[in-house]
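Asks: For the sequence shown, our numbering begins at 489 and goes up steadily by one.
To be clear, the hints were calculated from the coordinates, so they are not data collected in a lab. Accuracy of the hints is not assured; some may be wrong.
Calculated cross-link-like contacts (lysine to aspartate or glutamate; reagent style EDC-like; alpha-carbon spacing at most 20 Å) [stated by the list, open to error]: (1) K637 <-> E652; (2) K644 <-> E656; (3) K644 <-> E689; (4) K644 <-> E604; (5) K637 <-> D613; (6) K637 <-> E656; (7) K637 <-> E659; (8) K644 <-> D529; (9) K637 <-> E682; (10) K644 <-> E659; (11) K637 <-> D765; (12) K644 <-> E503.
Per label pair, the in silico range of CB-to-CB distance [unchecked claim]: (13) G643 <-> D765: 33 to 41 Å; (14) E659 <-> N504: 16 to 24 Å; (15) D573 <-> D531: 32 to 40 Å; (16) P526 <-> D686: 33 to 41 Å; (17) S680 <-> R538: 20 to 28 Å; (18) S763 <-> P625: 41 to 49 Å; (19) D531 <-> T505: 31 to 39 Å; (20) D529 <-> Q601: 44 to 52 Å.
Each residue gets a CB set at the ideal place from its N, CA and C atoms; glycine is no exception.
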Amino acid sequence: MTSVTAEASGQFAIENTLRVNRLGYGTMQLTGPGVWGPPADPDEAVRVLRRAAELGVTLFDTADSYGPAVAEPLLRRALAPYGEDVVIATKAGLTRQGPDQWAPVGRPAYLRQQCEMSLRILGVDRIALFQLHRVDPEVPLEDQVGELKALRDEGKIAHIGLSEVSVEQIEQARAVAPIASVQNLYNLANRSAEPVLDHCERQNIAFIPWFPLATGGLAQPGGPIAVIASRMSATPSQLALAWLLHRSPVMLPIPGTSSVEHLEENVAAAGLRLSQDDFDELTAAVTSRA
C-alpha cells in the first residue's frame with residue numbers, strides 16, 4: 489500500500505481559482521468493454537473511486553458518454569456527498585451507438601440537455617468543469633461554446649473546457665468565453681499535441697492529457713523507459729506519469745484503472761522525481777508522431 493498521495497504531484501489552480509492536485513483520475517475504464525455498459529464488478533469500481541479520494545486525488549474526470557450514463561452514477565455512489573476536495577470534471581458532446589462507437593453532437597439544445605442530465609445524475613447544483621467532448625463540425629464552434637457560456641452565466645457550470653482541439657480552435661473559443669482547460673491525446677509516445685500544450689502553458693490553461701500511460705515500444709526490455717525505471721525502482725507506467733508531470737506545470741494527468749492495486753501504483757508516481765538528464769533521455773527517445 490502506497491504512502492505517497494496525489495498531493496506530492498503538486499497543485500494547479502484551474503482558471504486561477506479551482507485548486508486541484510495535479511495527478512487526477514479518469515473514469516473511462518470503469519465501464520464495460522468498448523466503454524459500453526456497466527463494469528463487470530461495480531462494487532470494485534466504487535472501491536477504486538473511494539481509494540482514489542483517500543489517496544488525495546481531487547480531480548475526477550468523467551463524461552456522460554462513458555457507458556453511457558455509467559461512470560457518472562458510479563461517482564455519485566462512491567463519493568456523494570462530495571467533500572470540498574472533490575472536483576468533478578465531466579463532458580458532453582459525444583453520442584454513443586454501441587461499443588467503441590462515438591459520434592459528435594454539438595447542437596446547443598443537446599449540450600444543454602446533457603448538462604442538465606449530468607447535474608441530476610451527479611447530484612450537484614453546479615458542475616465544476618464542463619468540457620465540450622468534441623467539436624461538432626456541423627455546428628459553428630461559437631454556438632457550441634456560446635451555449636456553455638450561457639450555462640456558466642446561469643451558474644450551472646463553473647468552468648469551461650475543450651477536448652481534442654487545435655490552437656486555432658482554442659482561440660476561437662476564447663473569443664466567446666474563458667477556457668479553463670484543454671483535454672487532448674498526449675503521452676510520452678505520442679506528442680502530436682505539443683503545440684497545443686505549449687499554447688496552454690503560455691495562457692495558463694490546464695492541459696489534461698488523455699491516454700497518459702501509452703509508452704509504445706519504449707517500455708520493452710532494454711528500452712529507455714525500462715532501463716530508467718529499473719534504475720529508479722519504478723514501473724514504466726510510473727515513469728510515464730512522472731515524465732508528464734515534469735513536462736509542464738499546467739499538466740494534469742488523469743490515469744484510469746479498474747483496479748485498486750493499479751490505482752495505488754499510479755498515485756505513487758506523484759512522488760517520483762526525474763532528473764533533468766532522465767527527462768531529456770526519455771524525451772529524446774521518441775519522435776513525436778503527427
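Asks: Give me the numbers of the hints this structure contradicts, sorted from smallest to largest.
Replies: 2, 3, 8, 9, 10, 11, 13, 15, 17, 20
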